[in-house]
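S.K.: Sequence:
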Amino acid sequence: MTNETTQANGELSIDGDKLKAAARLQGMTLSMVAEAMGMHYNGILRIATTGRTNLGTLEQLCNVLNCSPLDLLIWD
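Going by the numbering used here, the sequence shown opens with residue 1, and the numbers climb by one from there.
Source of the hints: derived by calculation from the structure; they are not laboratory data. Virtual Cβ for every residue (Gly too), placed ideally from N, Cα, C. Mixed in with the good hints there might be a few duds.
[Unchecked claim] Label-pair restraints from in silico Cβ distances: (1) Gly43 x Leu73: 13 to 23 angstroms; (2) Gly10 x Met32: 30 to 40 angstroms; (3) Gly43 x Ala21: 26 to 36 angstroms; (4) Asp71 x Gly10: 27 to 37 angstroms.
Turn these sequences into a full structure, and let the hints steer you where they fit.
M.R.: Structure representation (structure tokens):
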């Protein structure tokens with residue numbers, strides 16, 4: 001007997017270009033976003049570069065940028 005499971009291929013991640021565009025729409029730089037979040041600039045740069053973060057940080061980003069997670073996420 002075989003056990004077959006279906007897996008969705010892909011991963012949700014933050015699109016760095018969408019993150020930068022959302023910041024620009026708010027008149028902010030990534031440095032300003034990091035400061036508003038109480039985060040070091042290197043942390044926000046890492047998110048923009050790797051696309052990886054946790055849900056709490058995603059929520060903070062959306063609050064600072066006045067946007068929805070769907071405005072920042074992509075499906076790879």
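S.K.: None of the hints should be skipped; say for each whether it holds.
M.R.: Here is how each hint holds up against the structure:
Checked against the hint of 13 to 23 angstroms, the pair Gly43 and Leu73 passes, with Cβ atoms roughly 18 angstroms apart. Hint check: Gly10 to Met32, Cβ distance near 32 angstroms, so the stated range 30 to 40 angstroms holds. The beta-carbon spacing between Gly43 and Ala21, approximately 19 angstroms, falls outside the hinted interval of 26 to 36 angstroms. For the pair Asp71 and Gly10, the beta carbons lie near 19 angstroms from each other, so the given range of 27 to 37 angstroms is not met.
Checked against the numbered hints above, the structure violates hints 3 and 4; every other hint is satisfied.
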